[in-house]
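> Below, each chain spelled out in residue letters.
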Amino acid sequence: MADIGRRGFVKGGTVSALVFSVGGAEVIMPAGEARARGVPFRLLDAHQGETLEALGETLVPQARESGIAHFIDQQLSVPPNESLLQARILNIRPPFAEFYRTAIASIDGGSRKIFGRDFIQLSAADQREFVDLMRQNKIEGWTGPSGALVYAVLRSDAVDVVYGTMEGYESLDIPYMPHIPPEKRW
Amino acid sequence: MTNDKVDVVIVGAGASGAVYASVLAKAGKKVVLIESGPDWELSDLISSEIWGRRVKPAGAPILLEGKNPMGYAGQAGWGVGGAALHYFANFPRLLPTDFKVKSEHNRAHDWPISYQDVAPFYDKVAREIGVSGDAKAEEKWRPAGEAYPMPPMKTFRSGEIFLKGFEASGIPMVPAPVGMNSVEFNGRPACLYDGWCHVGCPIGALANPQITYLGEARMAGAEVRALSTVTRILTNQAGTRVTGVEYYDDKQQKQTQEASVVLLAAWSAQNPRLLLNSATDKHVKGLSNASGLVGHFMMTHHVASTWAMFDEDIKNHMGTIAVQYMSYERYAKTSHPGAFGSSFITAGFALKTSDLANSRADLFGPELADYMKRAARHLAGIKTFGEDQPNMENRVELTSAKDEFGMPLGKLVHSYDQDAVALWNANLEEGLKVAKATGAKEAWSSRGSIPTSHLMGGTIMGTSVANSVVDSYGQSHEIPNLWVAGPSIFPTAGASNPTFTIFALSQRGAERMASQWATLSN
Chain R
216 MADIGRRGFV
226 KGGTVSALVF
236 SVGGAEVIMP
246 AGEARARGVP
256 FRLLDAHQGE
266 TLEALGETLV
276 PQARESGIAH
286 FIDQQLSVPP
296 NESLLQARIL
306 NIRPPFAEFY
316 RTAIASIDGG
326 SRKIFGRDFI
336 QLSAADQREF
346 VDLMRQNKIE
356 GWTGPSGALV
366 YAVLRSDAVD
376 VVYGTMEGYE
386 SLDIPYMPHI
396 PPEKRW
Chain L
49 MTNDKVDVVI
59 VGAGASGAVY
69 ASVLAKAGKK
79 VVLIESGPDW
89 ELSDLISSEI
99 WGRRVKPAGA
109 PILLEGKNPM
119 GYAGQAGWGV
129 GGAALHYFAN
139 FPRLLPTDFK
149 VKSEHNRAHD
159 WPISYQDVAP
169 FYDKVAREIG
179 VSGDAKAEEK
189 WRPAGEAYPM
199 PPMKTFRSGE
209 IFLKGFEASG
219 IPMVPAPVGM
229 NSVEFNGRPA
239 CLYDGWCHVG
249 CPIGALANPQ
259 ITYLGEARMA
269 GAEVRALSTV
279 TRILTNQAGT
289 RVTGVEYYDD
299 KQQKQTQEAS
309 VVLLAAWSAQ
319 NPRLLLNSAT
329 DKHVKGLSNA
339 SGLVGHFMMT
349 HHVASTWAMF
359 DEDIKNHMGT
369 IAVQYMSYER
379 YAKTSHPGAF
389 GSSFITAGFA
399 LKTSDLANSR
409 ADLFGPELAD
419 YMKRAARHLA
429 GIKTFGEDQP
439 NMENRVELTS
449 AKDEFGMPLG
459 KLVHSYDQDA
469 VALWNANLEE
479 GLKVAKATGA
489 KEAWSSRGSI
499 PTSHLMGGTI
509 MGTSVANSVV
519 DSYGQSHEIP
529 NLWVAGPSIF
539 PTAGASNPTF
549 TIFALSQRGA
559 ERMASQWATL
569 SN
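So the protein lines, in turn, are chains R and L. If you use the numbering used here, the first sequence corresponds to residues 216 to 401, in order. If you use the numbering used here, the second sequence corresponds to residues 49 to 570, in order.
None of these hints come from the bench; they were simulated from the model. Where hints are given, some of them may not hold.
[Stated by the list, open to error] Facing chain L, from chain R, some residues (calculated, C-beta under 7 Å):
id	residue
1	Leu274
2	Ser292
3	Val293
[Said to hold, decoys possible] Computed far set for chain L versus chain R, every beta-carbon distance over 10 Å:
id	residue
4	Ser96
5	Glu97
6	Lys104
7	Ala121
8	Ala183
9	Ser217
10	Glu264
11	Ala274
12	Gln301
13	Ser308
14	Asp410
15	Pro414
16	Lys484
Every value quoted in this text rests on a predicted model; they were computed, and no experiment measured them. Built from N, CA and C at the ideal position, the CB exists for glycine as well.
Excised from the complex, chain R in its bound form:
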């Protein structure tokens, strides 16, 4: 058995840090910090990143600031077996990037059909209305993975970055109590 402590008490301050490329160097930082520092996306284009941020924020407040787009982008850039995305648990078939690209295209297509504009151009109220229709598979002419599945995957991603970290637990006054805290790089 590995020689490890029975419980690594770490109070706050530690988040799920990921490896981002900054100025050609690999830097470990939380996804929210990567967003704040304007770290370029690896795979997403600017529109896709903005759409994921807008969708994430609609699903879970604080998801944009917590770096949902950078989290997804970084995770899409690693092999599927190393990915930490909920997509792997929801039986999405790799490459996961294909799912996200198709989902974003479906969202924009549906948004243009209903509101005449891309999702990121909608008001917060219209974005909310759109998501409510999407989760119930009520958007006519929708293509790609079902709206309910897109809702489930993106909502889980947003929950991950807002509530799945040690800071997220602290924000809800829930003791994290890790055996091995999630600060390790691998």
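Since chain R is already given, all that's left is putting chain L on it; use the hints.
Frame of chain R, contents of chain L only:
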């Protein structure tokens, strides 16, 4: 490349493969386990729902179809330890009725063995790896056996709070048996009740294979080859014996491992996929498939989740992911009028933030944020597992799509029948009644798509090639040195979490293999 011949090659280093490896290596056999995923160590088991996903499969060797596709990835394993590396360690057992469904109800199958044949192995597993619980309390529903080696686990308010409601509904609840340490056991520490069991317990309080059977197997000389994927089982020219397996190693190089005995101990959809992909001119439908039953009778459990919100701080972050209380009171197959199948009732388990969010999957935006604050420390749940009947059309078959090694992907087709749907609805209604009787501030059922939990069948056991793929030990009816282990050999599913039965059947099968070795080796 060909390796030196060994006595036994085991495909898959999960729950069942680990038991066989331990028994056979200790019996002096040269054992090699070939595992498609990494060789995880306890220090890899990070306490995080996000990082914990690494020990689960990614990708799709199995495509999912049917009205109720199997949501397998969350429960399946990837790497040494398999799903038992991150299982909840709930250790209920099957009951006598599960072994004779055909005789008693003229439906499904009888097992070729009875509860009494398996009972001594439940006791043996409990003694060897440690189970906490109250056997006497369970014996109101099952035949008497040995006491568990450890007293029940601690209970918490998130479980205790439901007892009043269960009592009002006439459902006695008893401490749940779990493969965890309520006290120090065999040099392993007691549980800390931090609720990180489902991403892997790194402290040794939970009986995962790394610290039990696999550890023993390695000490006895068993070799584990990780990141190695078996693609085919090899046979002699006459097709009368298997000779080993073909696999791709951790450098993606094709290898052959010859062995006197081949044991398939991969997960339930993968065992039939391998048998089907190993067809030869002597076994044109796949190995051990003269019956045409390989890949059929895939089963799962449906789960009826009921949630309740309380005013008091019930500290729902404390405890284990395994349950605190359980009941077999609705286990009789006809417990619910208009439905058929067993139900296994459980209550009280630690919740993580993703659980809070998933308990109201319809909420998003500010409503979700508000709900998360209310649910933290105040939400608790009841889960009732229900039996899925073995239906021929629920199956694994090969497709024309290929994986990275050129092996056809499997397709797993699954739909619930009317009995399963009726049973799930009955369990939801009863759960809601119980939750309301507790005095909860709010109570609701998780409706929507019917969940799938656990995967069984595909290479079922039976009395002959006419009705099954293997015998009660897991030995192929057609090729004596080909064996299969794990839940894929279950002919019915019951409603109990399967791992205790997987361990018990594997112990029984492994002891049989060792005792019959002279008839198997060549």
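> List in ascending order the numbers of the hints, as given earlier, that are violated by the structure.
2, 3, 4, 5, 6, 7, 14 and 15
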